[in-house]
Amino acid sequence: MPAYNPPTKNEAFKIRIALEDAINPGNLKANPTIAAGDFKVDIDGAGFNNLTTLPSVSPASGVAVLIELSASEMNGDVITITGIDQTSSKEWSDFFLCIPTTA
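Per numbering that gives the first Met the number 0, the very first residue in the sequence shown carries number 0; after that it's consecutive.
In case anyone wonders, no lab produced these hints; they're calculated from the structure. Incorrect hints may appear among the rest.
As a list, the in silico SDA-like pairs of lysine to any residue whose alpha-carbon atoms are at most 20 Å apart [to be verified]:
hint	residue 1	residue 2
1	K13	S87
2	K39	L50
3	K13	D76
Have a look at the derived ranges for each label pair, beta carbon to beta carbon [claimed, not checked]:
hint	residue 1	residue 2	range
4	G44	S92	22 to 28 Å
5	F47	L27	21 to 27 Å
6	G46	E67	37 to 43 Å
Yeah, the Cβ is synthetic: ideal placement off N, Cα and C, and Gly gets one too.
Make the full structure from the sequences, and use the hints.
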């Protein structure tokens, strides 16, 4: 089983995040709805693409959102993830994460 800290270049990586409730700012969104296209990854500034694996609420009905990046999605020095709810009105607030990798 791989170690996830520090994040390693070209090695699968998992991280849990929480999303802010767009209707009740300052609160975490319980059981957020996540659809294809909401989360995208950029590798070393090459442009954003949909994640291979759609993030999921884990454990179910909670506030933790599991993001799983494949080895190919981690094949860069700087991995950037955005989360933008595509629904109108937004259920959860926009999310941005930058992950520097090690060799």
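Taking the hints in turn, this is what the structure says about them:
The hinted pair formed by K13 and S87 fails the criterion: a straight-line CA distance of about 29 Å is larger than 20 Å. Under the criterion of a C-alpha separation no larger than 20 Å, the hint pairing K39 with L50 is consistent with the structure, at around 5 Å. Distance restraint check for K13 and D76: the Cα-Cα separation of roughly 17 Å lies within the 20 Å cut-off, and the hinted pair is therefore satisfied. Distance hint check: the CB atoms of G44 and S92 are about 24 Å apart, consistent with the given range 22 to 28 Å.
For the pair F47 and L27, the beta carbons lie near 25 Å from each other, so the given range of 21 to 27 Å is met. Range check, G46 to E67: about 21 Å between beta-carbon atoms, so the 37 to 43 Å window is missed.
Hint compliance for this structure: hints 1 and 6 are broken, all remaining hints hold.
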